[in-house]
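Starting from the known structure of chain A, fit chain B onto it as the hints suggest.
Read off the chains here:
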Amino acid sequence: MQDSDNKRFVPRDRNWHPPAYAPGYKTSVPRSPNQALVSLQHPSRSELTGPRFEALRLGPHDNDLLMNYREGQGQDGLPIGERIVMFGRVVDQFGKPVPHTLVEMWQANAGGRYRHKKDGYLAPLDPNFGGVGRCLTDAQGWYHFRTVRPGPYPWPNDPNSWRPAHIHVSVMGPAIATRLITQMYFEGDPLIPRCPIVQTLGDPEAVDTLTGRLDMARSRPMDYLAYRFDIVTRGALQTYFENQG
Amino acid sequence: MSQQPTREGGLLYRETPSQTAGPYVHIGLALDVAGLPLRDEEIWSRMAAPEAEGEAIELVGRVIDGNGDPVRDAFLEAWQADANGDFQPDFDLQKPFNSFGRSATTADGASEWSFTTVKPGRVPAANGKPMAPHVCLAVFARGINIHLNTRLYFDDEAEANAACPVLNAVESPARRETLIARREEVDGKIRYRLDIRLQGEGETVFFDI
Numbered sequence: 001m002q003d004s005d006n007k008r009f010v011p012r013d014r015n016w017h018p019p020a021y022a023p024g025y026k027t028s029v030p031r032s033p034n035q036a037l038v039s040l041q042h043p044s045r046s047e048l049t050g051p052r053f054e055a056l057r058l059g060p061h062d063n064d065l066l067m068n069y070r071e072g073q074g075q076d077g078l079p080i081g082e083r084i085v086m087f088g089r090v091v092d093q094f095g096k097p098v099p100h101t102l103v104e105m106w107q108a109n110a111g112g113r114y115r116h117k118k119d120g121y122l123a124p125l126d127p128n129f130g131g132v133g134r135c136l137t138d139a140q141g142w143y144h145f146r147t148v149r150p151g152p153y154p155w156p157n158d159p160n161s162w163r164p165a166h167i168h169v170s171v172m173g174p175a176i177a178t179r180l181i182t183q184m185y186f187e188g189d190p191l192i193p194r195c196p197i198v199q200t201l202g203d204p205e206a207v208d209t210l211t212g213r214l215d216m217a218r219s220r221p222m223d224y225l226a227y228r229f230d231i232v233t234r235g236a237l238q239t240y241f242e243n244q245g
Numbered sequence: 001m002s003q004q005p006t007r008e009g010g011l012l013y014r015e016t017p018s019q020t021a022g023p024y025v026h027i028g029l030a031l032d033v034a035g036l037p038l039r040d041e042e043i044w045s046r047m048a049a050p051e052a053e054g055e056a057i058e059l060v061g062r063v064i065d066g067n068g069d070p071v072r073d074a075f076l077e078a079w080q081a082d083a084n085g086d087f088q089p090d091f092d093l094q095k096p097f098n099s100f101g102r103s104a105t106t107a108d109g110a111s112e113w114s115f116t117t118v119k120p121g122r123v124p125a126a127n128g129k130p131m132a133p134h135v136c137l138a139v140f141a142r143g144i145n146i147h148l149n150t151r152l153y154f155d156d157e158a159e160a161n162a163a164c165p166v167l168n169a170v171e172s173p174a175r176r177e178t179l180i181a182r183r184e185e186v187d188g189k190i191r192y193r194l195d196i197r198l199q200g201e202g203e204t205v206f207f208d209i
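Protein chains in written order, with the numbering used here: chain A, 1 to 245; chain B, 1 to 209.
Check each hint, because a few of them may be wrong.
[Claimed, not checked] Okay, the calculated bits of chain A under chain B, using three or more residues with CB under 8 angstroms as the criterion:
1. 9 to 17
2. 53 to 60
3. 109 to 119
4. 228 to 239
[As the list claims (entries may be wrong)] So the derived list for chain A, only partly shown, Cβ under 10 angstroms to chain B, looks like this:
5. Tyr69
6. Gln73
7. Gln93
8. Pro97
9. Glu104
10. Arg134
11. Val171
12. Thr182
13. Thr209
Just so you know, these hints were derived from the structure itself, not from any lab. Values in this document were obtained by computation on a predicted structure and should not be read as measured data. Backbone N, C-alpha and C define an ideal beta-carbon position, used for all residues, glycine too.
One chain only, chain A, in its complex shape (with noise of 0.2 angstroms):
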């Protein structure tokens, strides 16, 4: 008997998550299922386990995007852009925070351009940008990363699709059934709700939920703005009884 025995989640709104295929985000046309998902009604240790981070040895400019790309010397070895810093706390749906678990994020630089092999977009490179953080939250949940705001970027959809300013993150929570992949668009951007990915969200709720907020106290004078992204992993529950008679 394990502690994940007893264990189970929430289950997931698939009508709140967006739907396989959103024709509107064209690439999903091909990649989506026809076939329904096969319900887990009882889930096991392989799902109701996860990987645990505490071990992995982080960098200590993992999660500093200002710093852990950097060509250049002093001042001038800090990347271009608007100076932010993104932060926020990973909760359970039942609002208990989930510590120590590994939240990732990847973005574009200032200028809208991925340094990634494919990335052939106009806009320059920074020597001083890589784009890419990790962080464990700590004991209550907590999680934050230093970097430049991302500019949007037109990309290959509708005949002149833009994304809005966003940052790619990625979270563990405490099991491989609360994995979670998302994005955080930034308050007030008027790109996102022309994005045909952003639409691929039914509701207008969830992309709310999706927006980083500006944080003038968490702010720093003279140095940075703050935006708020908290993350809601699935609800974790107790099985009271395990006999079903």
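Chain B only, in chain A's frame:
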């Protein structure tokens, strides 16, 4: 965060909704594929070192879209028990075996994902009966709005497969076959091959876990 009432009358936050991992997922989760320098430690596709207990195997395959074309920007995560059927949740690169691994299909060539691991032991299902040996796989890619969960089973475990409660939860026997990897021996190494078909003929079974 967004709240809705629960049936119990309390408040339940809604899970953060998924968005696609996109074409540049490698920058964040598979740095070598993006062409980025590696950090001190990365989560990678070598789950088992040569000294790990159990039968050393490689898992390999492609991800195929609804047009029959290989998906060249897919990213996969694997989760499996060790040779004794126990999960090793504390990820630690100093250990000979980790239950968790990551791989990506390549932009050129055969466009295969692969994991170096050991054959997993049997894990009990929720009712305590043993499941057949399997590896849980999660598939992420551009065009996939929420990751797809599937399982890889082994073709030389026919008896265990036939009795596995999760495989049997798939109503169509023909569809169960989409989860079964085929054993090959290449230069004396054991390899199991499984193509993941996202859509259409031979579509892989995906689970709501």
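**Asked** So which of those numbered hints doesn't the model satisfy?
**Response** 6, 8
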